[in-house]
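Residue numbers (the working numbering), protein chains in the order written: chain A, 496 to 735; chain B, 496 to 735; chain C, 496 to 735; chain D, 496 to 735.
No lab work stands behind these hints, which were simulated from the structure alone.
Hints are not guaranteed to be accurate.
Note: identical chains are not told apart, hence a pair may lie in one copy or across any two.
[Unchecked claim] In the DSSO-like style, the derived pairs of lysine-lysine whose C-alpha atoms are separated by at most 27 Å in a straight line are:
id : residue 1 : residue 2
1  : Lys567    : Lys509
2  : Lys728    : Lys567
3  : Lys509    : Lys728
Computed from a predicted model, the values in this text were never measured in an experiment.
Each chain, written out:
4 protein chains.
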Amino acid sequence: MIRVTIWNEFRDEKVEAEAAELYPDGMHPVLASIFAGDERFSVRTATLDEPEAGLGGSVLDETDVLLWWGHKHHDEVPDELARRVQSRVLEGMGLIALHSAHFSKPFKLLMGTHCSLRWRRIGERERVWNLAPSHPITAGIGDYFELDASEMYGERFDIPEPDQTIFISWFAGGEVFRSGCAWQRGNGRVFYFSPGDQAYPIYYDETVRRVILNASEWCAARVRIPFAVPNIKDPIEPVT
Amino acid sequence: MIRVTIWNEFRDEKVEAEAAELYPDGMHPVLASIFAGDERFSVRTATLDEPEAGLGGSVLDETDVLLWWGHKHHDEVPDELARRVQSRVLEGMGLIALHSAHFSKPFKLLMGTHCSLRWRRIGERERVWNLAPSHPITAGIGDYFELDASEMYGERFDIPEPDQTIFISWFAGGEVFRSGCAWQRGNGRVFYFSPGDQAYPIYYDETVRRVILNASEWCAARVRIPFAVPNIKDPIEPVT
Amino acid sequence: MIRVTIWNEFRDEKVEAEAAELYPDGMHPVLASIFAGDERFSVRTATLDEPEAGLGGSVLDETDVLLWWGHKHHDEVPDELARRVQSRVLEGMGLIALHSAHFSKPFKLLMGTHCSLRWRRIGERERVWNLAPSHPITAGIGDYFELDASEMYGERFDIPEPDQTIFISWFAGGEVFRSGCAWQRGNGRVFYFSPGDQAYPIYYDETVRRVILNASEWCAARVRIPFAVPNIKDPIEPVT
Amino acid sequence: MIRVTIWNEFRDEKVEAEAAELYPDGMHPVLASIFAGDERFSVRTATLDEPEAGLGGSVLDETDVLLWWGHKHHDEVPDELARRVQSRVLEGMGLIALHSAHFSKPFKLLMGTHCSLRWRRIGERERVWNLAPSHPITAGIGDYFELDASEMYGERFDIPEPDQTIFISWFAGGEVFRSGCAWQRGNGRVFYFSPGDQAYPIYYDETVRRVILNASEWCAARVRIPFAVPNIKDPIEPVT
Numbered sequence: 496m497i498r499v500t501i502w503n504e505f506r507d508e509k510v511e512a513e514a515a516e517l518y519p520d521g522m523h524p525v526l527a528s529i530f531a532g533d534e535r536f537s538v539r540t541a542t543l544d545e546p547e548a549g550l551g552g553s554v555l556d557e558t559d560v561l562l563w564w565g566h567k568h569h570d571e572v573p574d575e576l577a578r579r580v581q582s583r584v585l586e587g588m589g590l591i592a593l594h595s596a597h598f599s600k601p602f603k604l605l606m607g608t609h610c611s612l613r614w615r616r617i618g619e620r621e622r623v624w625n626l627a628p629s630h631p632i633t634a635g636i637g638d639y640f641e642l643d644a645s646e647m648y649g650e651r652f653d654i655p656e657p658d659q660t661i662f663i664s665w666f667a668g669g670e671v672f673r674s675g676c677a678w679q680r681g682n683g684r685v686f687y688f689s690p691g692d693q694a695y696p697i698y699y700d701e702t703v704r705r706v707i708l709n710a711s712e713w714c715a716a717r718v719r720i721p722f723a724v725p726n727i728k729d730p731i732e733p734v735t
Numbered sequence: 496m497i498r499v500t501i502w503n504e505f506r507d508e509k510v511e512a513e514a515a516e517l518y519p520d521g522m523h524p525v526l527a528s529i530f531a532g533d534e535r536f537s538v539r540t541a542t543l544d545e546p547e548a549g550l551g552g553s554v555l556d557e558t559d560v561l562l563w564w565g566h567k568h569h570d571e572v573p574d575e576l577a578r579r580v581q582s583r584v585l586e587g588m589g590l591i592a593l594h595s596a597h598f599s600k601p602f603k604l605l606m607g608t609h610c611s612l613r614w615r616r617i618g619e620r621e622r623v624w625n626l627a628p629s630h631p632i633t634a635g636i637g638d639y640f641e642l643d644a645s646e647m648y649g650e651r652f653d654i655p656e657p658d659q660t661i662f663i664s665w666f667a668g669g670e671v672f673r674s675g676c677a678w679q680r681g682n683g684r685v686f687y688f689s690p691g692d693q694a695y696p697i698y699y700d701e702t703v704r705r706v707i708l709n710a711s712e713w714c715a716a717r718v719r720i721p722f723a724v725p726n727i728k729d730p731i732e733p734v735t
Numbered sequence: 496m497i498r499v500t501i502w503n504e505f506r507d508e509k510v511e512a513e514a515a516e517l518y519p520d521g522m523h524p525v526l527a528s529i530f531a532g533d534e535r536f537s538v539r540t541a542t543l544d545e546p547e548a549g550l551g552g553s554v555l556d557e558t559d560v561l562l563w564w565g566h567k568h569h570d571e572v573p574d575e576l577a578r579r580v581q582s583r584v585l586e587g588m589g590l591i592a593l594h595s596a597h598f599s600k601p602f603k604l605l606m607g608t609h610c611s612l613r614w615r616r617i618g619e620r621e622r623v624w625n626l627a628p629s630h631p632i633t634a635g636i637g638d639y640f641e642l643d644a645s646e647m648y649g650e651r652f653d654i655p656e657p658d659q660t661i662f663i664s665w666f667a668g669g670e671v672f673r674s675g676c677a678w679q680r681g682n683g684r685v686f687y688f689s690p691g692d693q694a695y696p697i698y699y700d701e702t703v704r705r706v707i708l709n710a711s712e713w714c715a716a717r718v719r720i721p722f723a724v725p726n727i728k729d730p731i732e733p734v735t
Numbered sequence: 496m497i498r499v500t501i502w503n504e505f506r507d508e509k510v511e512a513e514a515a516e517l518y519p520d521g522m523h524p525v526l527a528s529i530f531a532g533d534e535r536f537s538v539r540t541a542t543l544d545e546p547e548a549g550l551g552g553s554v555l556d557e558t559d560v561l562l563w564w565g566h567k568h569h570d571e572v573p574d575e576l577a578r579r580v581q582s583r584v585l586e587g588m589g590l591i592a593l594h595s596a597h598f599s600k601p602f603k604l605l606m607g608t609h610c611s612l613r614w615r616r617i618g619e620r621e622r623v624w625n626l627a628p629s630h631p632i633t634a635g636i637g638d639y640f641e642l643d644a645s646e647m648y649g650e651r652f653d654i655p656e657p658d659q660t661i662f663i664s665w666f667a668g669g670e671v672f673r674s675g676c677a678w679q680r681g682n683g684r685v686f687y688f689s690p691g692d693q694a695y696p697i698y699y700d701e702t703v704r705r706v707i708l709n710a711s712e713w714c715a716a717r718v719r720i721p722f723a724v725p726n727i728k729d730p731i732e733p734v735t
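If we strip away everything but chain A, and leave its shape as in the complex, we get (with noise of 0.2 Å):
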């Protein structure tokens, strides 16, 4: 069973209309209903103004799958608390960062980078591109898919070369994105996605929910590798 954990920053549903109309109740819930009556996974939400976070206790500690999503609050997820989250993954824990997460703390201290961007909100049309049709976060995803409105996200990407670039979008405004890329880092992988502002219904497109399905097993704890520096006093070979 996969723990999935899902953290929203859960604010623009609060304050933006089209938002507010599009996820009624967060982009939490509509995230987790990616994995309704999926046998493999177990599914909990987070919210920014829950308490530390909803990341408290022992949630990280029993989860196998971390999901952010987070836009204009970033500062407020406290400095420990996106530490404690880059460790997880640097022991096993899975990460798959969402769209405007490029600026998240815990995506942003993993990838050591500005993960800054060009950027433009019209509603343009976004075409994905499949560069990795073999790859498990592909599955069942064709040669390409379409977003009609979508927020335009561009080069040049200010994020190490990925071990492995999944998608490629090209925006109707002239521009391109590695908007699916895949890296190990320490124990633990990450994954980002860019589709999903929003003010657009992206997260109820079936081939978005098929990637972050996907995304989700592939990203999975397999261990748990805790910090260690360990001093070997006693050499393995003679040394003379």
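Given chain A's structure and the hints, the job is docking chains B, C and D onto it.
Frame of chain A; chains B, C and D shown alone:
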């Protein structure tokens, strides 16, 4: 002219007998002597106990490549300074992290991982194998070089997969280590080079010095591109 | 059910005394016994002296992962067969190249490099370090494992930078070697694993067998995507 | 002095009207003119219909970087010549594969993959995005450049994950393409750059010419390391 800044924690040399004997004025002047008489470089040094750790004012702005040696007092480097170093690398500056700087704040920020490893300090033989004989960093280096007495750093070294593994070390006591690793991060280049414990005369070794000289040229900033997140309100192409 | 085909040159075992003693029926049945009783796999073997080197007809079509052991007679593998293996990997089949298969035609075709290395056969100790404790290939393997007598393969190994370096070996005689390397090529996965000279009982070693079992599951084809170069005469978007 | 050899199939210019008009003496003199007056380079050209395809005798030995343009007659390049080019790259020579050279024998040998792609030739607009503003290949290139009429090459491009993705192109008709890709292979560097169909004046474009000039400097051989498989009979360290 490549502007080199050599940052040294400069504490071990004051309190450890072997370090004091080998490096009576600190490791930084010995490292600086690598560049002596080479007209391609200008060199300055900075140490932890100077005001602002020697990196205040415009020092970082005027640095093309930063060498970093730190050991037991990483925590005394202010977080804000570590983030400034990180940002400066992302803008284009090179960083050469030496030996125990695997645990320095700037290096860890750029890697995003724990950078943990195995270690042992009994002065065993290290043989450094050259995996990249066409790389600028190994110019003039043969198949391998040896250090008669070295601190063992061993795998698993918790780093992102290097863009290129330059050196792998063999240790008499039975371990191996990726002792020279190169990464692009943002617009800057990062090189980690593990030989260099304070208790051994490693920074007097001609081959080690050659590697550091080569790496300084290879890492040196060729651009300076500031952080930006442009909102491109008008699409390049007409969006219908 | 993962369909495994084990290809063995099967000549050394007929003419070299140690090989004949260790592997009286060839290495292929010993490799096949790794999968015995494991219901996830079905196994067949093929050898050089069979018609079409045992890989005629639909054998490759019916193979999800191909293990390859060859040594002194790589040149007798027909070029056309090597290209068929390469294409089958690019369509999705996994390939595990064992030991001296670093010089086999299919592996060299997939790497594009010389795959040259240093070597020595005096039966020295090899210690295989695990760099990827969360990778499926190392499930159940600890920090390292040892082989009392092994052929030395040493760096520089002329391969493309691996997608992930899984193992690095230490040799008593002073060398190091990237002994486990993983690459994605086309739609297939390639794993190179160096332990395995015919003169030592390496394929009886429980840890080596575990690695091969794990790798076979990891490499197994999940798709079959034929070669295509589509001419898309009508653009998706209107071109003005 | 960097010794550049420009290899051109030089058939399309003899039989296709647009190509003949744009490149009356072939593409190779137009490519050669990129280096005119630049004292860092010496340039020679070679074409398919010359004896030994213009690459006999010591030509490859005297080449630091080879540019390759081929299209419909890849098969007429002898296998033996293609393997000599491959080996020369592995020894240290640079290779710049231009446009339809994605299907050339030397490039395919070095990649190990099918190098297949989608394509369409209707003269649509291509916008080439610069993902690597600090890379030597993009010196002097801005965020992007445009080609008014270009042949579309689209993903999925079947190549090994590049060491660094330098350019990604946007096409008016809806596709994207990794149009500039860099790899290390053996001791040599390989750069693939897709702009350049014979029917459009692309090799007259100042930005395209700048990229080719930059890449020629970046790729140029700095070493020549012959193939070797040394048998190190005596271990470096005593083996007990």
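Which earlier hints turn out false for this structure, listed by number in ascending order? Failing hints: none at all.
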